[in-house]
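Asker: Guided by the hints, dock chain B onto chain A, whose structure is given.
Those protein sequence lines, which keep their order, are chains A and B.
So for the first sequence, the working numbering puts the first residue at 29; every next one is plus one.
So for the second sequence, the working numbering puts the first residue at 29; every next one is plus one.
FYI, nobody ran anything at the bench for these hints, they're computed from the structure.
Derived pair list, reagent style SDA-like, types lysine to any residue, alpha-carbon separation capped at 20 Å:
| id | chain 1 | residue 1 | chain 2 | residue 2 |
| --- | --- | --- | --- | --- |
| 1 | B | K418 | B | Q165 |
| 2 | A | K194 | B | D360 |
| 3 | A | K212 | A | F30 |
| 4 | B | K45 | A | P464 |
Number of protein chains: 2
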Amino acid sequence: MFETAELGRKATKREYKARVPSLRQALLAAQERVRHTDFPVVVLFGGVDGAGKGDVVHALNEWMDPRWMVTRTFERPSQDEAERPAYWRFWQALPPKGQIGLLLSAWYSRPLLRRAYGGPEAEFEEALEEIADFEKQLADDGAVVVKFWLHLGKQGQEKRFKRLAKDPLHAWRVTERDWDHWRKYEDFVGAAERIIGRTSTGDCPWHIVEGVCPRYASLHVGGLLLETIERRLAEHEEAHTSLPAPAHAALAEASLDAELAHGRAPTVLAKLDMTQRLEKNAYRTLLATHQGRLNRLQLQARNQKVSTILVFEGWDAAGKGGAIRRMNAALDSRGVRVVPTAAPSDEESAQHYLWRFWRHLSRAGRVTIFDRSWYGRVLVERVEGFASEKEWRRAYAEINRFEQQVTNHGIVLVKFWMHLTREEQLARFHEREQTPWKRWKLTEEDWRNRERWDDYEVAVHDMVERTSTRRAPWILVEANDKLFARIKVLESVCSAIEARVGPPDEPHAPSKDARKEKKRGAR
Amino acid sequence: MFETAELGRKATKREYKARVPSLRQALLAAQERVRHTDFPVVVLFGGVDGAGKGDVVHALNEWMDPRWMVTRTFERPSQDEAERPAYWRFWQALPPKGQIGLLLSAWYSRPLLRRAYGGPEAEFEEALEEIADFEKQLADDGAVVVKFWLHLGKQGQEKRFKRLAKDPLHAWRVTERDWDHWRKYEDFVGAAERIIGRTSTGDCPWHIVEGVCPRYASLHVGGLLLETIERRLAEHEEAHTSLPAPAHAALAEASLDAELAHGRAPTVLAKLDMTQRLEKNAYRTLLATHQGRLNRLQLQARNQKVSTILVFEGWDAAGKGGAIRRMNAALDSRGVRVVPTAAPSDEESAQHYLWRFWRHLSRAGRVTIFDRSWYGRVLVERVEGFASEKEWRRAYAEINRFEQQVTNHGIVLVKFWMHLTREEQLARFHEREQTPWKRWKLTEEDWRNRERWDDYEVAVHDMVERTSTRRAPWILVEANDKLFARIKVLESVCSAIEARVGPPDEPHAPSKDARKEKKRGAR
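Only chain A is shown next, with the shape it has when bound in the complex:
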């Protein structure tokens, strides 16, 4: 694979000086145009040590406008980073729309090292899958993703290291670790071949660049980057002048949900027994029991460094807030955070739609409660047409992948759909209108959403069908009776945490009574 990158191509100083001005000008012009688009440019640099990644990045920084370009390198994860899913820090480092990000090694670093040092094949393959999937998400969201592998042959690398080591100004660049890697050159190249083979996709291609001569490498990368950006700009400008592609209509036509969309088939929600209720006295007992249980489980999870993420979605007025408050009352407030999902800020709008949820992932051992969530993409954004059909259809896979990363990291993830009947919602709206301190809760939007009840019901059905997994299940909560709903939520949260950390230590652990078994059946 790398034979073509060991040809000894060079650029003389004179050639370099002759070519830089026009390249630089073209790159700047392209950069200026990118600024006014809605896509980011993600440029990745990989390659063996000493192959000149730094030189190329340095040149690009010199040629282009640093205000709209960020360079990111990644050290060993800090404690705060290590306590979150591995990709958390990469999400934080992504350039916003209209900007260019130069990322060194990034998500390739660990898989390459692990594999070169004998890590198991299966783990390596899994890591590559994860990378391909992650990059696809970025590309699907419109990002330009382009990757440069800087290559040096084994002898070339040796020569480079020796030359650097002799120069007092550059000796620091060569460490014992570099020589260790050099001795494992064959292993690195083997892993690199596999990496490039697996992750070089149409949308996110690798370019192998000969690294012997930094001038040559910089010019070559600069030229390829320019070409890539210009190609995208042309597409972008074309797309913004032509009509929407007819493909979308066809897609909608072929939709499997056509029948559902016309309200003719029953949804998963239709099967719920909405008459379930709980007496006030029973409620009080169960509330105290499960709050105590939840509190002890929180402590236990904290000690075991197991985090919990709870997602609340549901109809307007279904009692999300009330259920969250009953949980909060039992939790030590230092270890819990409620994240209300409002309209994105401009920093958030300038990123992939999952970015604003990634940023809220907590350190180990905490509870994070999302009051509405990333499911907005396949609910309100789908129904209101804020997301294109292509976007929300893609979102199921993106969400599953995101949640998989979360659960793979050992986090407990439970998702609640708080369900109401139409009649009950109407009654609650009227009640809100009449209660002065609840009036703020009822907006014009709530009434509008209500009109689209059928569309939402289809969206919920699809969502549950496509994103309820064993490790990240949807719990459908029959919420016509608030008391019943709150206990079902509390009990489900407790069970999920308990399944992960074991029953609470203290003597007051409630026995798993018959009531619990009954409710489980009702889910």
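Answerer: Using the frame of chain A, we list chain B on its own:
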């Protein structure tokens, strides 16, 4: 001080139920009005353990709209937090404008604990100064700052703990640590008295609230909070309908800079020897020497966990970018970050103007380079009138305090003003116009700024006069000759780091030659 909070005031369930609806409604209405203003509401809760801070916060969360309110508690600092100046995490936790933040203990927690456990008086006083100053900054920026001290007598605390410990649902709330604190009750109350005495200012008052009865405490705090917010809203609405206060004009009149402002007195910039140059050969040697030195110092600082912050300000086209690049070339890119200061994002605009710089403070041992900085407040914002006179005048003290926190944390801080003569700037503008890949660097704004040269010169003079301290000095760089300027910057950075971490270990350390001494004289 606390006698008035041991009167046993209570609210019965009936009273509570009767009063909550109207209070709740009024709080919601006030909250809704706050949303449309440009100030945040910072609510602090202090007090002994078990005095019911949690109950009150819980009630407020229930009464108000959680979408525009955040509750923050603070655990022991994480590694990432501990590596930054102590207030970094508090800055991150401040509510944006239009929102309400409920902060538990926050910056009071550590001073109170330290003092109660016998920490030295002087340290305690220093901490209180710091708090008063920090809160003043927030208030000056328009924040409503209101603080509630929840109080319980020693017996009341004991009773509360015993009652909680007996209840299986609440036993977790009482820890061994709580009893330790209880045994030191007198020490805590002594420290608390001093805290309240010192930090209860007109703008940021403490209210002492009797904590025996959670219902009473919640109603009382709710009422005081409402009153505070409403008073501010009234002021705010008045201010937005009346003319600007004449006090400003008087302030300008009385300005000490009146003479300077008319360009009649020489500024600190006039004293610089702008003819200083460096030959290309000497430059190359010095560049290599200092780059090597800087690199070794970076490594040494990294090992000693000493961070460095470099600030670059200067005339347009003065060569900030070039100087930064020459430094970057010598630095290991994993340990350095360049932060370009552009227009604030909306998340940044919704905070105190220093917030967006606080967020970029690095972990220990790193180098952070600010390309323009918080000095924008007293430069462009002053000259262009983006900040009011009151705001920019206040900024000197705010900046000094900020930089003091930075240097107290052991961070090396150096600030550069890159100076040009008017003639040289004009020549560079013309050169930029004629060089295709430099043209982007020259904007309409640069020409406009040039027209206000005299105003900027006064602003720079004031800035240097008021913010150049021994531990955070301004270095004025004679930048008519780019080569001379780059070496002066490099050399100054090296000297500053070296003064903190000692000379570099390696054998290649350059001798402190005569040239260096000469340049030092030229500063």
